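A.B. asks: With these hints in hand, go ahead and build the complete structure from the sequences.
Chains as they are written, first to last, in my numbering: chain A, 1 to 273; chain B, 1 to 182.
No lab work stands behind these hints, which were simulated from the structure alone. Keep in mind that a hint or two might mislead.
Pairs of lysine to aspartate or glutamate, EDC-like flavour, derived with a Cα cap of 20 angstroms [stated by the list, open to error]: (1) K168(B) x E10(A); (2) K168(B) x D39(A); (3) K26(A) x E10(A); (4) K238(A) x E119(A); (5) K26(A) x E11(A); (6) K238(A) x D227(A); (7) K238(A) x E214(A); (8) K168(B) x D127(B); (9) K238(A) x D127(B); (10) K168(B) x D18(A); (11) K204(A) x D227(A); (12) K168(B) x E51(A); (13) K204(A) x E119(A); (14) K168(B) x D38(A); (15) K168(B) x D227(A).
Predicted model, so just to flag it, every value in this text is computed and none were measured.
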Amino acid sequence: MMTDNTPVTEEELHAFVDGELPDDRKAAVEAWLASHPDDAALIAAWRTQAEMIRARYGAVASEQVPERLTLARLMRNGGRWKGIAAAAAIGAFLVGGVAGWMGHGASAAAPEPSAQFIEQAMNAHRLYINEVRHPIEVRAGEAHLLPWLSRRVGATLRAPDLASFGLTLLGGRLLPCQSGAAAALFMYESGSGERFTLYAARLKDGQSSLRYTENNNLAVVRWVESDVGYALSGPPDKTRLKSIARSAYDQMENRAAPGNRSSNDPLISRTKS
Amino acid sequence: MPGVFFPEWLCCRLHRSVPVSSFRTDIETAVPALRRYARALTRNAETADDLVQETLVRALRSEHLFHGGEIRSWLFTILTNLNRNRLRSLARRPSVVSLTDQDAPDASGPELGGRDIERALALLVEDQRHALLLVVLEGLSYREVAEVQGVPIGTVMSRLARARSQIKAYLDGERPALRRIK
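C.D. replies: Now the structure itself:
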């Protein structure tokens with residue numbers, strides 16, 4: 001009988017430990033381990049690690065589930081939050097009013113460098129994607145969302161439709177930005193909880209096309225159109241983020257010049273990868 | 001005060017008229033495993049249950065987005081993404097690491113094993129920690145982990161390999177110098 005002498009790779013050793021190795025390689029790996037004590041020791045170490053992890057945390061699954069994590073409780077709470085939501089809507093207007101008022105006296109400030117703009121967008125993204133129950137002030141369905149943010153920011157804003165990328169608009173919020181002016185932040189979410197934000201604020205930095213920046217596990221594509229800077233932030237996947245940004249950009253441009261749509265740009269990708 | 005300003009819209013969008021289905025039963029069945037995974041990820045019971053609660057709220061809200069498939073993997077995906085968001089936000093803050101427990105008297109006691117693996121896990125990059133825990137603690141297949149993390153299987157395997165080699169190095173004694181400070 002032929003022995004499979006193909007050298008065993010480290011990947012195969014992991015697969016062996018995790019029960020992922022195809023049956024026809026098991027014998028080869030076992031034979032390999034018999035004659036390679038270093039690898040056998042490695043495997044033993046990995047198994048010990050796994051046992052330590054299971055010994056440390058395995059019992060959690062047998063604990064009684066706290067009441068707050070029962071579905072009965074979670075479903076029941078659905079109604080209680082409505083009052084808070086109403087109060088929050090009022091709060092949103094208060095915050096918006098203050099930020100708008102602050103921006104009033106500062107509109108003649110010096111032009112912002114775009115680096116600062118990107119940093120503000122990244123900060124806002126990092127701060128708010130973490131908010132699970134209240135990532136936004138005004139939700140997408142509210143008719144006043146866009147008029148309100150447009151008025152505060154001082155530009156006609158539009159929240160692009162990113163459904164073709166599997167992203168749903170949750171809503172938006174108003175933020176103070178450099179020099180006290182106002183910025184808008186729109187938040188989008190995928191079905192599995194990934195979040196993207198679109199940050200928009202007045203920015204006198206000339207026209208600019210899409211530019212990609214990546215920093216500390218977060219990526220931003222920014223562009224400037226009619227004195228408004230936009231920054232789309234999300235996971236650092238250049239192709240995907242640029243596709244989404246391109247679609248957002250096209251939709252905004254389309255609004256400015258209706259009836260003149262051209263979507264032959266190869267960057268537009270409709271795939272959800 | 002800030003709590004008053006922020007809408008809790010997402011939670012009020014729980015559907016009132018969703019039929020009781022195996023969907024919910026499946027979710028409920030997964031809760032113990034989600035708690036275990038979250039506990040190992042956060043190493044803090046309270047934070048872990050917060051994550052699980054947020055995962056469940058989101059899952060219930062997104063029932064209409066669930067197009068069949070493994071509910072368990074989907075829940076792990078949501079929890080993993082929430083944890084990643086949480087860590088990104090934490091990364092912006094100055095890191096606050098308590099050194100007091102380094103000098104705790106039980107450093108050589110029976111707890112040693114548990115504490116060591118806990119510290120070793122804490123040293124990993126989040127994606128590696130996710131991958132390792134999903135495989136060894138939750139028993140997900142490489143393919144399932146690849147789906148949860150949204151990466152190719154090869155990436156999962158290299159994360160796993162890096163995680164294991166770092167933990168091994170730590171347990172073998174290449175510990176941060178802190179250990180020697182007394």
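A.B. asks: Hint by hint, which ones does the structure fall short of?
C.D. replies: 6, 15
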